[in-house]
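Please model the entire structure based on the sequences and the hints provided.
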Amino acid sequence: MLEKIERVAQGVVAQVFGTMFFTFLESLEDRPREPSAPVPYIWGEIGFQGPLTGRLALFLPLQRAQKMASQFMGLEDEEVPESQAIDMVKELCNVVCGNLSTQLDRKAIWHLSLPSARRVSFQEMKNDKEAHGLTLRFFAEGDPVELRLDWTQESCQEEPEKP
Amino acid sequence: MAYNVLIVDDSQTMRKVIRKTVMLSGFDLGECWEAGNGQEALQVVQTQWIDLILADLNMPVMNGLEMLRELRKDALNGHIPVVFITTEGSEQRLEEARALGIQGYVQKPFYPETIRDVLTRVMEVSGA
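Here the protein sequences line up with chains A and B, keeping their order. Every letter in the first sequence is one number past the one before it in this note's numbering, and letter 61, counting from 1, is 61. Converting from the second sequence to this note's numbering requires adding 163 to each position, the first position being numbered 1.
These aren't lab readings, by the way, just hints derived from the structure by calculation.
Sample of chain A residues with no beta-carbon within 12 angstroms of chain B, all distances over it, derived:
| no. | residue |
| --- | --- |
| 1 | I5 |
| 2 | Q10 |
| 3 | L25 |
| 4 | P38 |
| 5 | E79 |
| 6 | R119 |
| 7 | M125 |
| 8 | P144 |
| 9 | W151 |
Not the full set, but computed from the structure, chain B residues with beta-carbon under 8 angstroms of chain A:
| no. | residue |
| --- | --- |
| 10 | M177 |
| 11 | N221 |
| 12 | T250 |
| 13 | E251 |
| 14 | Q255 |
| 15 | K271 |
Here the structure is a predicted model, which is why all the values come from computation and not from measurement. For every residue, glycine included, the Cβ atom is placed at its ideal position computed from N, Cα and C.
So, in structure tokens, the structure goes:
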């Protein structure tokens, strides 16, 4: 199940970033996580309930979120306010979680909570030492983006592997 | 003929993006109204001439399905075509929405052409 969730999550994140922001993601596995200078981050999260119940969180630097909001709204390089970037991250969580849940089980009914997002420090993000079911790290145009996924139930019907 | 459109989404960013996408898509847009949830949308419908509603499903206060149920009870405005633009794609949820009479559905993230094609088809079918 973990393997399936990881595969679907990677595909969904790549598809959403590509469609919404025309941004292609690179894997962060081989690169250092620490930013060169402490920068503020946005922490967005959303809960989901269905065959799996849990929480999806996204972390990205505030400046990257502002650039993405600007790209999303077609404002070229115009800087958008922090509030707009936070609103965009909430929508991003909603879109990623909605697509992820649907692709995991299209026949099931999933309930998504209203997304939330706030500004946090890099330290605060690092201090979240809970064990996460799945953590995916990417680079979006040079900036780190992290997705954390936790779930508590596993009643999702696994599709049989195709021969 | 230009169509007056009401965009219903709790994300101000998404409302702006949908508005811009509709404008750029070549769809004949007249006046464009916005609402942050279903309840606000029903208030707009009472006071403005609306030809088409583009709504999210997952919203605070009143969600898209609740809004649709209330709208269909309205003798004067119950006929207004509704298109859901949402992240949700489960078959059961869409079946529920179809049973309440949605005219179209677009899953986020979307391409402008998808929006244009759905809106054009909906307005042709509704004969507006």
